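Here our numbering is used: the sequence shown runs in plain steps of one and ends on residue 216.
Hints may be right or wrong, so weigh each one.
[Unchecked claim] Straight-line distance between alpha carbons at most 27 Å, and here's what the computed DSSO-like set of lysine-lysine pairs gives:
(1) Lys115 <-> Lys189
(2) Lys158 <-> Lys142
(3) Lys142 <-> Lys115
(4) Lys175 <-> Lys144
(5) Lys175 <-> Lys200
(6) Lys144 <-> Lys115
(7) Lys115 <-> Lys185
(8) Lys158 <-> Lys195
[Stated by the list, open to error] Just the calculated beta-carbon pair ranges, DEER-fashion:
(9) Ser81 <-> Asn154: 31 to 37 Å
(10) Val72 <-> Thr198: 36 to 42 Å
(11) Thr148 <-> Ser126: 29 to 35 Å
Because the hints were derived from the structure by calculation, they are not lab data. Note that the coordinates shown come from a computational prediction; the quantities given were computed from them, not determined experimentally. Beta carbons: idealized from backbone N, C-alpha and C, even for Gly.
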Amino acid sequence: MKKLFACLLIIGTTGLASAQVSNFTGLSGAVNLSTVSSRTEIPKEFQLADDNWGGSVQAAYGLELSSSSVIGFGLNYSLGNSKSGIAYDKKVATDTLKIKNQYSFYLEPGSLLSDNTLLYGKISVEKGKFAVTSTPASNSFSKSISGTGYGAGLRHMLDKSKFVQVEFMKVGYKTITPPKDLTTKLESSTTLGTIGIGMKF
16 MKKLFACLLI IGTTGLASAQ VSNFTGLSGA VNLSTVSSRT EIPKEFQLAD DNWGGSVQAA
76 YGLELSSSSV IGFGLNYSLG NSKSGIAYDK KVATDTLKIK NQYSFYLEPG SLLSDNTLLY
136 GKISVEKGKF AVTSTPASNS FSKSISGTGY GAGLRHMLDK SKFVQVEFMK VGYKTITPPK
196 DLTTKLESST TLGTIGIGMK F
């Protein structure tokens, strides 16, 4: 009888753990609002920085690693631009810098803090277009840019299908050069604080 009870206890505990981790597996989607701090600099010459708001949408799929851990794969697409600011020459605006058409592929390992709360880390491959609008217009250009990001977040299930999440990310982009000035090196980075709401399907 004791052995039977022990077996039932193990089966019941395993079933409970599986139910907990299943809150964060499978297909999901979310919409997010971020505060974005964007910076672009030419090392040892000048730096532009600006803060703005941006939205994004994400789609992800989570896989169970163990009774208390998952790993997620996903795609995030930004609905806005990361603006680094405006450069001035003799108080006249000459260049507006921003990163647009941003998207990322990410990997998201996570561990349960409770039945309905997941703590996760995040690494990403970032893509976009670095755009400069200049005066004169002949100096304007747009160029593909890529980089990597890392961060962490919390996701909490509100019920069986809806969740909220908060996240912090730091993204660094590879150095690029303007097409008309190959000696100039532009370095860009963004820092994002994000809150989102989503649904598990």
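Exercise for review: Would you list, in rising numerical order, the hints stated earlier that this structure does not obey?
Suggested key: 4, 5, 9, 11
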